[in-house]
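Visitor: Full structure from sequences and hints, please.
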Amino acid sequence: MPQCQTAGHIIKSLNLLRMQCMASVNSTVHHIHQLVPTSELPPSRKYIGSSRSKRGLFDFVGKISKSLFGTATSGDIATLQRHMQTLNNNNVKLAKAMAQQDHHLSSFIEAVDKRFNNVVAAVRQNHQDAVSLSVLAHNSMDALDHEFLILSELIIKQTNVSAQLEKELEHIKLGLHDLVKGKLSPFLLTPHILKSSIDQVQSIISAKFPKFHISNKDPLFYYSMGEFLFTRLHTELYLTLKIPISPFQQPMSMYKVYTFLVPVNSSSNHATQLTDLPPYFLHTADNQHHATITSQQLTLCEGTSTRYCNFNIAMKATASPKSMIAGQVNFAVDYWPDTSGILAIVSTSVGFFGLIFSIWSCYKIRTVLLPVLLLHQVKPSAAATIKPTLSFIYNQADDDTPATSVNEHFYATFSTPWPYVSLSVLTTILVIACITHLWQKFQRSHKTSLHLELTTGPTCELFTLLTLPLCPHNWNIQTPEDISSVHVTTSYYVLHYLHIQCTDFTITNKHTNRSIDVPTTILISPFTARKIHNILQHPYTAYFLLSHHQYFQIL
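Numbering (full-length UniProt numbering), first residue to last: 1 to 555.
Any given hint could turn out to be false.
[Claimed, not checked] Straight-line Cα separation of at most 30 Å, DSS-like style, residue types lysine-lysine; simulated pairs:
#1 Lys183 <-> Lys242
#2 Lys510 <-> Lys195
#3 Lys217 <-> Lys256
#4 Lys208 <-> Lys167
#5 Lys447 <-> Lys510
#6 Lys242 <-> Lys316
Read the hints as simulated data drawn from the structure, not as lab findings.
Guide: Right, dumping it as C-alpha cells:
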C-alpha cells in the first residue's frame with residue numbers, strides 16, 4: 001500500500017505539470033490571437049493528416065495492482081479445494097468399500113496406500129506452487145522499485161522541460177508586446193538570424209545590383225530604429241523588415257556651416273557676411289560628390305552619430321572639366337606659355353647646359369692629357385748622338401735634328417684613331433649614365449611608391465616594392481597586421497631574391513574599387529643581399545613606407 005500511494009502521488013504530479021504546460025500554451029496562443037489579428041489569404045491546398053487518440057501515461061499500474069491483490073492465488077485455492085473434495089469423495093468411497101468388502105483387507109490397504117500417495121503428491125505440488133508464488137512476489141517488488149526510479153527520473157525531466165517551455169512562452173509574449181508597440185524584439189528574431197538575413201540580402205544586391213550597398217549591417221540599429229510590418233495567418237506569423245540601401249559604401253560626412261562678420265577695413269565700422277550659404281554641407285567619402293541639406297530635412301533623419309534619412313537628395317559632382325578659378329584671380333604674369341612653349345624652353349635649357357658641360361669637359365681633358373703629350377714622343381737619333389770630347393776650343397757643331405714643337409707632338413699623337421675613338425666612347429657612356437641616373441632619380445622622387453624598410457638601428461635598408469600611378473589619397477591601403485618572415489634566396493649563384501611573408505596586404509582604388517597585388521618577392525643585387533644577411537643576423541624591425549615627392553609616411 002505505501003508503494004501504491006507513492007505511485008499515485010507521482011502520477012498526480014505529472015498530470016499537474018502537464019495541465020500547467022497546457023494552460024501556458026493556451027494562454028500564449030490566446031495572447032497571440034488578441035494582439036495579432038488574423039489575415040485572410042487565398043485558399044491553398046489542404047492537408048488531411050492522421051489524428052492520434054489520447055492514451056494513458058502509466059498503463060502498468062493496473063498490472064501491479066492485479067499482482068499485489070492476490071489475483072494469481074485464487075486458482076491455487078480452487079485447485080486445493082478440488083483436491084480436498086477428491087479426498088472427501090475417496091473417504092466416502094473407502095467407508096462404503098470397508099462396509100461392503102471388509103473381507104478384502106489386502107485390497108483395502110492397497111487402495112488406502114494409493115490414496116495417501118496421491119495426497120502426498122498434491123501436498124508437494126501445493127508446496128511448489130507456494131514457493132513459486134513467493135519468488136514471483138519478490139521479483140514484483142524489485143520491478144516496482146525499478147519503476148519508481150524511472151518515475152523519479154521522468155518527473156525531474158518533465159519539470160525541467162516545463163520550466164524551459166514556460167521561459168520560451170514568456171519570451172514570445174514579451175516579443176509580441178514589443179511588436180504591438182512598434183519595436184522589433186530579439187526574442188522573436190534573434191541577432192544571429194537577423195545578421196544572416198542581412199548578409200544574404202547583401203549577396204543578392206552585390207550579384208544583381210553591384211552599385212548599391214546596405215547602409216547599416218548592425219542588428220542593434222534594426223532593433224532600435226528598424227521599420228517593419230507584421231501579420232498573422234492562423235498559426236503563422238509573417239514579418240517584413242525595411243533594410244536601407246545606398247549607392248555609397250561608407251556614410252557621407254556632414255558639416256554645419258557657420259558664417260561670421262568680417263570687417264571691411266581697420267578704419268571702418270562696417271562689416272560683411274555671407275548669408276546665402278546652406279546650413280549643412282555633405283560630401284562622400286571619395287570626395288567625388290557633394291550636396292546640401294536644410295535643418296527641416298535633418299529633423300526627418302533618425303540616429304545619433306550616424307543619421308539615416310528616408311528621402312532622396314540630388315548629388316553634385318565635385319570634379320568639373322572646366323576651370324573653377326579661371327578669370328577669378330588676377331595673376332601677376334599675363335601670359336603663361338603653353339605645353340609646346342614649355343617643351344621648347346626645357347629643351348633649349350638642356351642644350352645650353354650640355355654645351356657648357358662639353359666645353360668644360362674639353363678643358364679638363366686637355367689639362368689631364370697635356371703632360372702625356374709632352375712625354376709621348378722621343379727621337380731615337382737624339383738619344384744616340386755621340387757626345388764630343390772635352391775640349392777648351394770652341395767648335396760650332398752641326399745639328400741636323402729638326403726642331404719639333406708642342407703642336408707637332410699633339411697632332412702626331414692624335415694622328416692615330418684609337419685614342420680618339422676610346423675617348424669618344426667613354427665620354428658617350430659617361431653622359432648616358434649621368435642622364436639615366438638623373439632620370440631614375442627624377443622618377444623615384446616624383447612618383448607614389450610603396451617601400452619596405454629593414455633596420456637594426458644603426459643600419460637600415462630601403463626596398464621599393466610597388467609604384468602607384470595616382471596620389472596617395474586616391475588609394476585605400478590596408479597594411480598587414482604582422483610580417484612573419486623576411487629571407488633571401490639565391491638562384492644560379494647570381495640572382496638574389498628577397499621574400500616577404502606577411503598577412504593580407506590590399507591596395508584598393510577608391511574610384512574604381514579595383515585592387516592591386518603587392519609583390520612579395522623582389523630581385524636585389526648581390527651587394528644588397530650581403531647587407532640584408534648582415535641585418536638579419538641581428539634583431540631587426542620591418543615596416544612599410546609610402547613615399548610621394550620624397551615625403552615618407554609609415555603605414
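Visitor: Indicate, hint by hint, whether the structure satisfies it.
Guide: Hints, verified against the model:
1. Lys183 <-> Lys242: Given that 30 Å is the threshold and the Cα spacing comes to 13 Å, the pair holds.
2. Lys510 <-> Lys195: Given that 30 Å is the threshold and the Cα spacing comes to 27 Å, the pair holds.
3. Lys217 <-> Lys256: Holds. Lys217 to Lys256 sits at ~27 Å (cutoff 30 Å).
4. Lys208 <-> Lys167: 42 Å, violated
5. Lys447 <-> Lys510: 18 Å, holds
6. Lys242 <-> Lys316: This hinted pair holds, its Cα atoms lying about 27 Å apart.
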